[in-house]
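Same order as they appear, the protein sequences are chains A and B.
Take the UniProt record's numbering: the last position of the first sequence gets the number 739, and nothing is skipped along the way.
Take the UniProt record's numbering: the last position of the second sequence gets the number 621, and nothing is skipped along the way.
To be clear, the hints were calculated from the coordinates, so they are not data collected in a lab.
Each residue gets a CB set at the ideal place from its N, CA and C atoms; glycine is no exception.
Among the hints, a few may not be true.
To be verified - Covered by chain B, according to a simulated footprint, are these stretches of chain A (three or more residues, beta-carbon under 8 Å):
{"no.": "1", "region": "314 to 324"}
{"no.": "2", "region": "439 to 449"}
As the list claims (entries may be wrong) - List of simulated lysine to aspartate or glutamate pairs, DMTMM-like, C-alpha gap at most 25 Å:
{"no.": "3", "chain 1": "A", "residue 1": "Lys371", "chain 2": "B", "residue 2": "Asp57"}
{"no.": "4", "chain 1": "A", "residue 1": "Lys341", "chain 2": "A", "residue 2": "Glu294"}
{"no.": "5", "chain 1": "A", "residue 1": "Lys358", "chain 2": "B", "residue 2": "Asp581"}
{"no.": "6", "chain 1": "A", "residue 1": "Lys26", "chain 2": "A", "residue 2": "Glu489"}
{"no.": "7", "chain 1": "A", "residue 1": "Lys364", "chain 2": "A", "residue 2": "Asp402"}
{"no.": "8", "chain 1": "A", "residue 1": "Lys384", "chain 2": "B", "residue 2": "Asp581"}
{"no.": "9", "chain 1": "A", "residue 1": "Lys371", "chain 2": "A", "residue 2": "Glu294"}
{"no.": "10", "chain 1": "A", "residue 1": "Lys453", "chain 2": "A", "residue 2": "Asp402"}
{"no.": "11", "chain 1": "B", "residue 1": "Lys189", "chain 2": "B", "residue 2": "Glu202"}
{"no.": "12", "chain 1": "A", "residue 1": "Lys329", "chain 2": "B", "residue 2": "Glu330"}
{"no.": "13", "chain 1": "B", "residue 1": "Lys576", "chain 2": "A", "residue 2": "Asp316"}
{"no.": "14", "chain 1": "B", "residue 1": "Lys236", "chain 2": "B", "residue 2": "Asp210"}
{"no.": "15", "chain 1": "B", "residue 1": "Lys576", "chain 2": "B", "residue 2": "Asp56"}
{"no.": "16", "chain 1": "A", "residue 1": "Lys364", "chain 2": "A", "residue 2": "Glu319"}
{"no.": "17", "chain 1": "B", "residue 1": "Lys576", "chain 2": "A", "residue 2": "Glu319"}
{"no.": "18", "chain 1": "A", "residue 1": "Lys329", "chain 2": "B", "residue 2": "Asp56"}
{"no.": "19", "chain 1": "A", "residue 1": "Lys73", "chain 2": "A", "residue 2": "Asp40"}
{"no.": "20", "chain 1": "A", "residue 1": "Lys329", "chain 2": "B", "residue 2": "Glu202"}
{"no.": "21", "chain 1": "A", "residue 1": "Lys358", "chain 2": "A", "residue 2": "Glu318"}
{"no.": "22", "chain 1": "B", "residue 1": "Lys576", "chain 2": "A", "residue 2": "Glu318"}
{"no.": "23", "chain 1": "A", "residue 1": "Lys364", "chain 2": "B", "residue 2": "Glu562"}
{"no.": "24", "chain 1": "B", "residue 1": "Lys189", "chain 2": "B", "residue 2": "Asp57"}
{"no.": "25", "chain 1": "B", "residue 1": "Lys576", "chain 2": "B", "residue 2": "Glu202"}
{"no.": "26", "chain 1": "B", "residue 1": "Lys576", "chain 2": "A", "residue 2": "Glu334"}
{"no.": "27", "chain 1": "B", "residue 1": "Lys576", "chain 2": "A", "residue 2": "Glu333"}
{"no.": "28", "chain 1": "A", "residue 1": "Lys374", "chain 2": "B", "residue 2": "Asp606"}
{"no.": "29", "chain 1": "A", "residue 1": "Lys364", "chain 2": "B", "residue 2": "Asp560"}
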Amino acid sequence: MSPGVTSPSKGKKDAEPEPEITPLVKMLQHAGPIRNDGSDKFYGMENFGNTCYCNSIVQALYYSVPFREHVVKYPPHSPYDTPNGHPPIVTPIRAPIQNGAAVSPTGKPKGISAAEAMKRRAAVNAGQPVSAQAGQKPEDKPDSPEYKKKHAMLAGPILELTYENASSYGMEESTFTALKDIFMALIANNSRTGVLSPQRFLEIFKRDNEMFRTSMHQDAHEFYGLVLNAVISNVEANFHRLKEQDPPRDDHSLALSMKAAVTSAATAMGLASGTRSPGTGWVHDIFEGVLTSETKCLTCETASQRDETFLDLSIDLEEHSSVTSCLRKFSAEEMLCERNKFHCDNCGGLQEAEKRMKIKRLPKILALHLKRFKYTEDMTRLQKLFHRVVYPYHLRMFNTTDDAEDPDRLYELYAVVVHIGGNAYHGHYVSVIKTQDRGWLLFDDEMVEPVDKSYVRNFFGDKPGQACAYVLFYQETTVEAMRREMEAEGPTEVVSATKQQETANGHPQPNGTYPASVSKPAFASSPEETREFVSLDHAVSSPLPMSNHTIPRILPSATSPQVPILDAARVKTKEAKEREKRELKEAEKSRKVAEKERQKAEEQKRKEAMQTRKDLLKSQDAEVRKALAASKHSAAEEEERRKREVNSSASTSETGKENGHAEKGFARGLSRAHKGSKSMSRKSFGFLGSKYGEAKTHADDTNTAVEGDSGPQTPEKHSKSTKDRFSFSGLGRKKSNLI
Amino acid sequence: MFVLPPPPRYPSQAAYNLAVQNGQAAPMIETNNILSHPTGPEYQLVVGEGTYTLKDDLHLATPPPHPSEAPIVNPNPLATTPQPATAGTKLSLLSLSSRSSPPFLYRVGTNQSTRSNLNSSIQEHPGEGRASGDQFPSSSDGGDTSATGSAKATLSIGSAPAFGEGNTFLSATGKDTGKRRKPKNNIAKSNSSFISRCIVHENLAKRLQDRPAEGYFAFANINRAFQWIDIASPQKAEHLTKILFTKGHCLCHDINQVTKSQSHIDLIMGFSTGEIIWYEPISQKYTRLNKNGLINATPVSEIRWIPGSENLFLAAHMDGSLVVYDKEKEDFPFSPDEHNSPTNDNSETANGKGDSSTKLHIDKSVHSKNQKTNPVSFWKLSNQRVNAFAFSPDNRHIAVVSEDGVLRIIDYLKEELLDLFSSYYGGLLCVCWSPDGKYVLTGGQDDLVSIWSVAEAMIVARCQGHQSWVTAVCFDPWRCDDRNYRFGSVGEDCRLLLWDFSVGMLHKPKTSSVRQRGSISSRLANPLQRAETSNTTASKLRSNSVVSVDGEYEHMIQHDVEPRATTATLPPVMSKVIDPDPLCWLEFTEESIITSCKSGHIRTWDRPRDSSDSDVISSST
């Protein structure tokens, strides 16, 4: 904060000194040597047109320390023998644009030229509505977010993640390997700041999830769930593949590590239900909690309990409430009656019942999804709830069961995914994340900016600008850690308070205008500019609010003069077009591939859906399968014990089965229907998918895959069809286990 | 006089400004307060003793933005500039008669302050600091007690010594006695850049003369305005005086109960800019203190006169410091280093490291010899924002709550930190003492009201019932006796909750399940044992902290969070949404409950009419 300091004098910023030091660079000026755990990398992420849902979630996942560490460490044995155990990473770096022929700082191979990069960017952004008049573009104003994003791109380095490294991890290319690529690239690069272009990750993700293939605005929470599930199934598939392929190779250590994973998972579960899949213990360990639903039949007074796993909690909101209170309501007693009656095994048939959900095991990372999007009365559209819902920096859960382990566990807020916009169909996502030792940062696509701790409180939902917290990430912590941190954060708090004071003094406005100083660039707020800002980032190609701008990106002619991105892009539209065409071809190819996969997956899914329906009707069926799962589980454990013995019959049969189903994240076999979190979340995504299928006007027929999975189209029907097993009303995505 | 509709609450000032620009709405001009009398079942509070009914709703007009403010159109929701502090409407109530003071509950014998072993007997003295404590004849015009010396004031508050007693330098400013001193500057004719304008009611003098003596005055802040209202008057919607400020918002204010009279009211206000104004409303004079943040530049979150003192008041700044000012002293730039002369065992500086939060850093002691200028004393609690504090009825302790979720009990006479408790989680937002000084209530971001026993140094119960953060708590002294307590709380959930708790209840077996697993109990200390150790004087006087290897207990005065399973919970006796906006203040008077909300609604709820007199627990007077 000392004003005398001038330039950051970082090795790779030699190209051209930045016009001004960004607050982030300023903050990092006197940072020590770069750590190799990735905790001091602060990269923006490039937006390819409405991919902010991805950027905000990936950033939040990156700063989920246990998750990052495990992603980096997994798989424990890569074919490459490097000091760190990581394969060597060579990330192409897109050159900064100022000096066209760009330096390639650390001697790393350059991916594509700067010009090309800009073209590509222009191309992917084609079709976005542009309201800028010629000559007056939003990024020209020094205080606008566009300007900051542009300069983040200019400053670089831009990590171009167009490659995939999956083979070096000894894994098939998947969402997990692409995510790992991102993390590894960030850790390996020796600049603290820059921009990362998660191209390959998105390609793979879109390949596997057709709902996300359009360039429309997507649901960040849905994305989060899909990514986590993909990670789980990828890791699981890899585990089984490894086991099957070459058990003798690194048999000992692999088995050891696997055993560790399994046992830790099993002990953490505290359940012998066999809902845990081997090899993915760490993902479950981090994110998975267990809910107990107690259902009491009001006819025969029989109480039944069922444990269900969850990866996140979706909570209903009320005006003027707190997250604490919403969580309490989540566990409030609920009547199952009328159309939502309970199928009582004891007295047989549908009966009225009382149901209550409590948390039996608390996860290490607690993701809370605030259900801000709600169907209107006529069920045709999702509307956004602007309820004021306050969330504290620290949290404990009131709704635990009596026998829960450590029911007073303390959580701290470390990431907030914010949705800006008036409804579910368009808008913008950013994330505000607490980093290990750099305080809170705002991640808005390419831009990263340090913010006050109090800034986190701007998203309760009552402030103008329609910015509301949408997903809250809490992680477990201790009182001691909290105290230590509070003492440490003190000085900055004081600074910010003084800053605040300065603002108040220097500006006679008490209610938030933004002084435009060089050292602290702020947002100007003239009417036309803000409008541009809104349309640029928020409205994009959503057909609903912007009917005159719904040019899909297939029409490259729409790009040229209006593209609001960067000057370089505007000049070379031809190339942009070509680039676009190439991309289209590629996309077409991958689509075809995906189509095949989809068909396969669909087949699977139909079977499974049928099976699911059967399950719902026949509870004994479930018991049979439960027993089956248990036996399988024990077989697996046995297999671990006899790790020296190759090809035990149990393991081969299991892995064989698993492998068949687990080829793609999308496919799911019957045997895996047991796995709590997955079936839970798959269900919920089906629910969401159908929501989207309904909502999105031009959703293509590929939707059927998802819909086939989820069965009925509307949530209402859905809940009806599953009423004897799950209750949706008021519970959202909490799901039972399909036991 | 026409009345404009109240300014739109949502979607915000910005949308309104836009509408004005587009000609869709008339530009906002200075509006008037609106008095309404809504009736119906939704405006009634049904409790055991009867039904409280809404008497009226006074909506204070939110002033339009100062002309120098550029209209803000659709402010960027991601703007990272820190926003200035604001606060909802809070009131300072003032009664000039002694009739409406609450029953005295603070007695010899019930006093638990043996922990501060300065003296053991404290005589009866006025209970609550705010709307009460009228033991001085209200007509006294100061006379010879005005010599600023807190030492003089000592005489009036029993045996509890005055703050800073014994420091002869402290009372050195008192030169001429006689008339009570007024601030220097005329607020109506001010050309200060801090004060925009001052609107005085045309018949102010007449209204002051005609009003009944026992009625309450209220001073209330809203946005950048500060209003003086006669809430006993039928025409209470017409303010007596309204001051509009330019830069700062008034966040907190307090009336001096010692010096108040028909002709003199000492009022202090703390601002979002850190500045403090001493204001005398009858003569319309004011003085600025901590001008331009000379002493501390962070916003003032709470401000109170030190009980029994004519001149000294305590202000909590948002950087975690508590500063005592003298209303008549000049400011002098203060930097802790110059004055850092530890006069107390506990004051040794920890060099900004380690267990700084478990100590009271005395950057300037009240016993300092340099007392010619402000600040009189300067304590640093932590680096976390102090949200509220309250003086104990025995005039010895302050309970301070802060954003890091810590409740501190401080013996301010000895400048010593006695206890440090933690909320269940989240910051603490409000605090108050029971009329007998035995218990402290806190409310915070865990949606709980917590009852703490000061003597036993432990939590008594957690009160569950709010659905959002608790913003204000207050005892109802008219419904408290030595075993039963009534208190109320309001919160961001727009609810008013009333609670009854009795001492007998406390010894009941815990309501919550005590089923635990080994892993938990190993992390917990035995609460009783810890309470005992921390009660001993020896442990309190330890100057250095006990840092155990596992870092579990850093200091004996620091108490760990009690788990839910072993803490009693208390349900409310009444819970009701009473306002469309989050509430931020409440107070009990003999006739009513008064609440206020963030957007300026002041609601008065009359106590049950019939049989209320028999129900009210008789006071000890």
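These are the hints, each one checked on the structure:
| no. | hint | result |
| --- | --- | --- |
| 1 | 314 to 324 | holds (count 5) |
| 2 | 439 to 449 | holds (count 3) |
| 3 | Lys371(A) to Asp57(B) | violated, 34 Å |
| 4 | Lys341(A) to Glu294(A) | holds, 14 Å |
| 5 | Lys358(A) to Asp581(B) | violated, 31 Å |
| 6 | Lys26(A) to Glu489(A) | holds, 18 Å |
| 7 | Lys364(A) to Asp402(A) | holds, 19 Å |
| 8 | Lys384(A) to Asp581(B) | holds, 20 Å |
| 9 | Lys371(A) to Glu294(A) | holds, 23 Å |
| 10 | Lys453(A) to Asp402(A) | violated, 34 Å |
| 11 | Lys189(B) to Glu202(B) | holds, 15 Å |
| 12 | Lys329(A) to Glu330(B) | violated, 54 Å |
| 13 | Lys576(B) to Asp316(A) | holds, 21 Å |
| 14 | Lys236(B) to Asp210(B) | holds, 13 Å |
| 15 | Lys576(B) to Asp56(B) | holds, 17 Å |
| 16 | Lys364(A) to Glu319(A) | violated, 29 Å |
| 17 | Lys576(B) to Glu319(A) | holds, 14 Å |
| 18 | Lys329(A) to Asp56(B) | violated, 33 Å |
| 19 | Lys73(A) to Asp40(A) | holds, 18 Å |
| 20 | Lys329(A) to Glu202(B) | violated, 53 Å |
| 21 | Lys358(A) to Glu318(A) | holds, 20 Å |
| 22 | Lys576(B) to Glu318(A) | holds, 15 Å |
| 23 | Lys364(A) to Glu562(B) | holds, 21 Å |
| 24 | Lys189(B) to Asp57(B) | violated, 32 Å |
| 25 | Lys576(B) to Glu202(B) | violated, 39 Å |
| 26 | Lys576(B) to Glu334(A) | holds, 22 Å |
| 27 | Lys576(B) to Glu333(A) | holds, 21 Å |
| 28 | Lys374(A) to Asp606(B) | violated, 40 Å |
| 29 | Lys364(A) to Asp560(B) | holds, 22 Å |
In terms of the numbered hints stated before, the structure departs from hints 3, 5, 10, 12, 16, 18, 20, 24, 25 and 28, listed from lowest to highest.
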